[in-house]
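Participant: What follows is the residue order along each chain.
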Amino acid sequence: MTFLRTAWLVLRKDFAIEVRSWEILTTTLFFASSCVLVFAFAFVKEGRAVEDAAAGILWIAIAFSGTLALGRTFERERYGETLRALLLAPAPRPALYVGKLLGMLALLGIAEALLVPMVAFLFQAALFSRPLLLAGLLAGGTIGFAAVGTLFAAMLVRARSRDVLLPILLYPITIPVIIAGVRGTAALLAEIPDEATATMWIGILVAFDTVFVTLALWTFEPLMTE
Amino acid sequence: MRKAFGPLVVVGAALFVAAPYFIAQAPYESTMGLIQKIMYYHVPSWIAQYCAITVCGVASAIYLFKSHPVADRYAVSAAELVVLFGLMGLITGPLWARKAWGVWWQWDVRLTSALLMELIFVAYLLVRQYGGPGSEKLASATALFGTATGPFVYKSVDIWRTVHPKTTVVPTLPSSLGAPLALTSAAFVLLFVVLLTLRVNLAERQAALDEMYLALED
Amino acid sequence: MNDGHLDFDVVEVADVSRHFGRRRALSHISLTARAGDIVGLLGPNGAGKSTLIAVLATLAAPNSGEVRYGNRPARRLGPGLRDRIGLLAHELHLYPELSARQNLRFFAQLYGLATRGPVDRALEAAGLSDRADEVVSGFSRGMRQRLALERALLHRPRLVLFDEPFTGLDDRAVGLASDRLRRLAADGAIVVLATHDLDLADGLVTRVALIRDGRLLSDEPASTGLRARYRALIGAT
Amino acid sequence: MSLCRIMIALTSWFLLSTSAFATQPPAAQSEYVPLKDLPATENVPAAPFLIAAYAFVWIAAMFYLWTIWRRLNRVETDMRALAQKTSRR
Numbered sequence: 001m002t003f004l005r006t007a008w009l010v011l012r013k014d015f016a017i018e019v020r021s022w023e024i025l026t027t028t029l030f031f032a033s034s035c036v037l038v039f040a041f042a043f044v045k046e047g048r049a050v051e052d053a054a055a056g057i058l059w060i061a062i063a064f065s066g067t068l069a070l071g072r073t074f075e076r077e078r079y080g081e082t083l084r085a086l087l088l089a090p091a092p093r094p095a096l097y098v099g100k101l102l103g104m105l106a107l108l109g110i111a112e113a114l115l116v117p118m119v120a121f122l123f124q125a126a127l128f129s130r131p132l133l134l135a136g137l138l139a140g141g142t143i144g145f146a147a148v149g150t151l152f153a154a155m156l157v158r159a160r161s162r163d164v165l166l167p168i169l170l171y172p173i174t175i176p177v178i179i180a181g182v183r184g185t186a187a188l189l190a191e192i193p194d195e196a197t198a199t200m201w202i203g204i205l206v207a208f209d210t211v212f213v214t215l216a217l218w219t220f221e222p223l224m225t226e
Numbered sequence: 001m002r003k004a005f006g007p008l009v010v011v012g013a014a015l016f017v018a019a020p021y022f023i024a025q026a027p028y029e030s031t032m033g034l035i036q037k038i039m040y041y042h043v044p045s046w047i048a049q050y051c052a053i054t055v056c057g058v059a060s061a062i063y064l065f066k067s068h069p070v071a072d073r074y075a076v077s078a079a080e081l082v083v084l085f086g087l088m089g090l091i092t093g094p095l096w097a098r099k100a101w102g103v104w105w106q107w108d109v110r111l112t113s114a115l116l117m118e119l120i121f122v123a124y125l126l127v128r129q130y131g132g133p134g135s136e137k138l139a140s141a142t143a144l145f146g147t148a149t150g151p152f153v154y155k156s157v158d159i160w161r162t163v164h165p166k167t168t169v170v171p172t173l174p175s176s177l178g179a180p181l182a183l184t185s186a187a188f189v190l191l192f193v194v195l196l197t198l199r200v201n202l203a204e205r206q207a208a209l210d211e212m213y214l215a216l217e218d
Numbered sequence: 001m002n003d004g005h006l007d008f009d010v011v012e013v014a015d016v017s018r019h020f021g022r023r024r025a026l027s028h029i030s031l032t033a034r035a036g037d038i039v040g041l042l043g044p045n046g047a048g049k050s051t052l053i054a055v056l057a058t059l060a061a062p063n064s065g066e067v068r069y070g071n072r073p074a075r076r077l078g079p080g081l082r083d084r085i086g087l088l089a090h091e092l093h094l095y096p097e098l099s100a101r102q103n104l105r106f107f108a109q110l111y112g113l114a115t116r117g118p119v120d121r122a123l124e125a126a127g128l129s130d131r132a133d134e135v136v137s138g139f140s141r142g143m144r145q146r147l148a149l150e151r152a153l154l155h156r157p158r159l160v161l162f163d164e165p166f167t168g169l170d171d172r173a174v175g176l177a178s179d180r181l182r183r184l185a186a187d188g189a190i191v192v193l194a195t196h197d198l199d200l201a202d203g204l205v206t207r208v209a210l211i212r213d214g215r216l217l218s219d220e221p222a223s224t225g226l227r228a229r230y231r232a233l234i235g236a237t
Numbered sequence: 001m002s003l004c005r006i007m008i009a010l011t012s013w014f015l016l017s018t019s020a021f022a023t024q025p026p027a028a029q030s031e032y033v034p035l036k037d038l039p040a041t042e043n044v045p046a047a048p049f050l051i052a053a054y055a056f057v058w059i060a061a062m063f064y065l066w067t068i069w070r071r072l073n074r075v076e077t078d079m080r081a082l083a084q085k086t087s088r089r
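For the protein sequence lines, the chains are F, V, H and U, in the order given. Numbered per the working numbering, the first sequence spans residues 1 to 226. Numbered per the working numbering, the second sequence spans residues 1 to 218. Numbered per the working numbering, the third sequence spans residues 1 to 237. Numbered per the working numbering, the fourth sequence spans residues 1 to 89.
No lab work stands behind these hints: they were computed from the structure. For each residue, glycine too, the CB sits at the ideal point set by N, CA and C. Possibly wrong hints are sitting among the right ones.
Unchecked claim - Looking from chain H toward chain V, a few residues come up when the C-beta cut is under 7 Å (computed):
(1) H19
(2) F20
(3) R22
(4) R24
(5) G235
Stated by the list, open to error - If the Cβ cut is set under 10 Å, some of the chain V residues that face chain F in the computed set are:
(6) G6
(7) Y130
(8) G134
(9) F145
What the hints assert, rightly or not - Negatives, chain H to chain V, calculated, CB over 12 Å:
(10) E12
(11) H93
(12) L198
(13) L204
Could you put together the complete structure from these sequences and hints?
Facilitator: And the structure:
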């Protein structure tokens, strides 16, 4: 009970901070859309997008803006050393991780709500033909990415050169998640949407999410002790 | 391990000396000819890398939960060897591929997942190098995640690959090719053990030096 | 969450060492603090005071030795131990984007306290009742400091740790904070105050522990002539 | 410095084994039958690739050994300097 309550408190606190300025949300959304545009310049040839580009661009934009948001979120906890204050609370420490993770998921969910229509519109991608499967892919991929990202961003708070170390650690470990997301989405975008393939990738994502979240909950406590 | 070190070096070296003879003796593989002999160095370097990954993952987990400095020494030594053997595999692979497949690089499952593993363990070394004090713990989390997700990485890349056109697959090997391969594999594993021992010894000396500095301050 | 069995009235630092690679931050420190004590941890910057505070707060683990809270080491007490510890560092542990009340309420809930009573009392004690709903980033350093102090004391900790908390405050504010510390100790708290400010420590602390380069130079009851003692052991101030 | 000796021994073993290998391929060369039905593969000679691959493995292993040796030397030098400093005190 304390566990869920603590996670909820941390989530609500982050939300209360965010509504004061909407800083992280607006910058993340803007960055995500810039990503899409930058990649559009690279992958649109003679007015048409390269095959499978839409799926790749969608997921790269999610990963890049996610990294940016992670850095900013934990910078907030570093300023005033509030992360230490959280760690000093008698609540189980993994609950803090879960709270932070939920916040990241909410943020990335909003970013995806912008990115998906944008990619669909700019690349004539039929992203909405199988909405449930797409939602499954997005959820699975986002949880996997954010689970690793939140743990690493939290542990890098007290490391030197954390800005550059976060992407260095995060991308190699989360590439399998991105592969699953991109291939699953690409399967949905084929002439005839390939539901079987998409479902299989969702299954793989669920397996990844389970491994990542379990490992993160397990290692959070020893990682946070200096 | 220390006591067995001398014999290990001798046996390992003997295997390496014997290897060229057996490799030369082995018949040519029917479709690829001479170039296939890269296999005798290529495959064993992956086997050695898997050994290194296992050692690094286990040692990192022990260090993370027990904070035992010896475990950390094994973890960092094994991580360097993961990168070393990975590099051997990643260089010999394309050389083989250039001749056998006609291209340097294929997004083959083994190549891709090997590249990812290499990246993860380079990241491990980078964190230790630039993370500042306390980065050993952070690095051990990296190794733990890298090791634990290894099989999944392989699986996901495998499926990713099979969705795409297939490439030449190395056929199952007859025993005339297998015997030298077993020999070089054993040689590489021994090379790994020898290098690991030397590197751990270095880590111990470094720790002893740190200890001396600390004693000086006391 | 106030489990009685987790309470303690003595904290023992037993032969604690902590190093970062080649740098010794703490070297074989042994120290005992009892309820009612205000232990002044004095020493120049970089002496290891902050590290010792972090170890006492269970935020950092020592490389050797242990800290015992009422004869029990930290690892045997679990997260409930943190319910008995309060920490105020130079960084204030407050969210500048939130209002004073929001900050206090968040931490009160995190500690499993009722949100109204303790929060109102803390606002009152900080003298911020009339500005409770303004955001912290608009406060002066003194106001933030008072708020941070009350935030750290919200859950009535037994062990109260201060790490250079009064830098940048004017004399009146320092005087008020000092009175607050004295009251805490009188109520049975164990107060550990790390500072390099002798003027503040003089007359406030009941025990003096002088540390330099991670080593404990002396641990003695406070007496007059703190400055002379400090100069003799540590050098020019 | 038993370690140093072991490393020198190791290095000479390695060099020996590579040179032993270097004498082998020409003998094997006569058996080489180029295959005509290699699909979509240009006919590049195999030997340079093979030699490059083997050479790289050896160079990498040697280089790594050398870095260990160098780091170890640096540590030992530091230790001696430190020991001297303490004894002078």
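Participant: Please go over all the hints and tell whether each is borne out by the structure.
Facilitator: Evaluated hints:
1. H19: Status holds, d = 6 Å.
2. F20: Where the cut-off is 7 Å and the nearest Cβ of chain V is about 4 Å from F20(H), the hint holds.
3. R22: At 4 Å from the nearest chain V Cβ, R22(H) passes the 7 Å test, so the hint holds.
4. R24: holds, 5 Å
5. G235: violated, 17 Å
6. G6: violated, 38 Å
7. Y130: holds, 5 Å
8. G134: holds, 6 Å
9. F145: For F145(V), the interface hint holds, since the closest Cβ of chain F sits about 5 Å away, which is under 10 Å.
10. E12: Given that every Cβ of chain V is farther than 12 Å from that of E12(H), nearest at about 21 Å, it holds.
11. H93: holds, 20 Å
12. L198: holds, 25 Å
13. L204: holds, 31 Å
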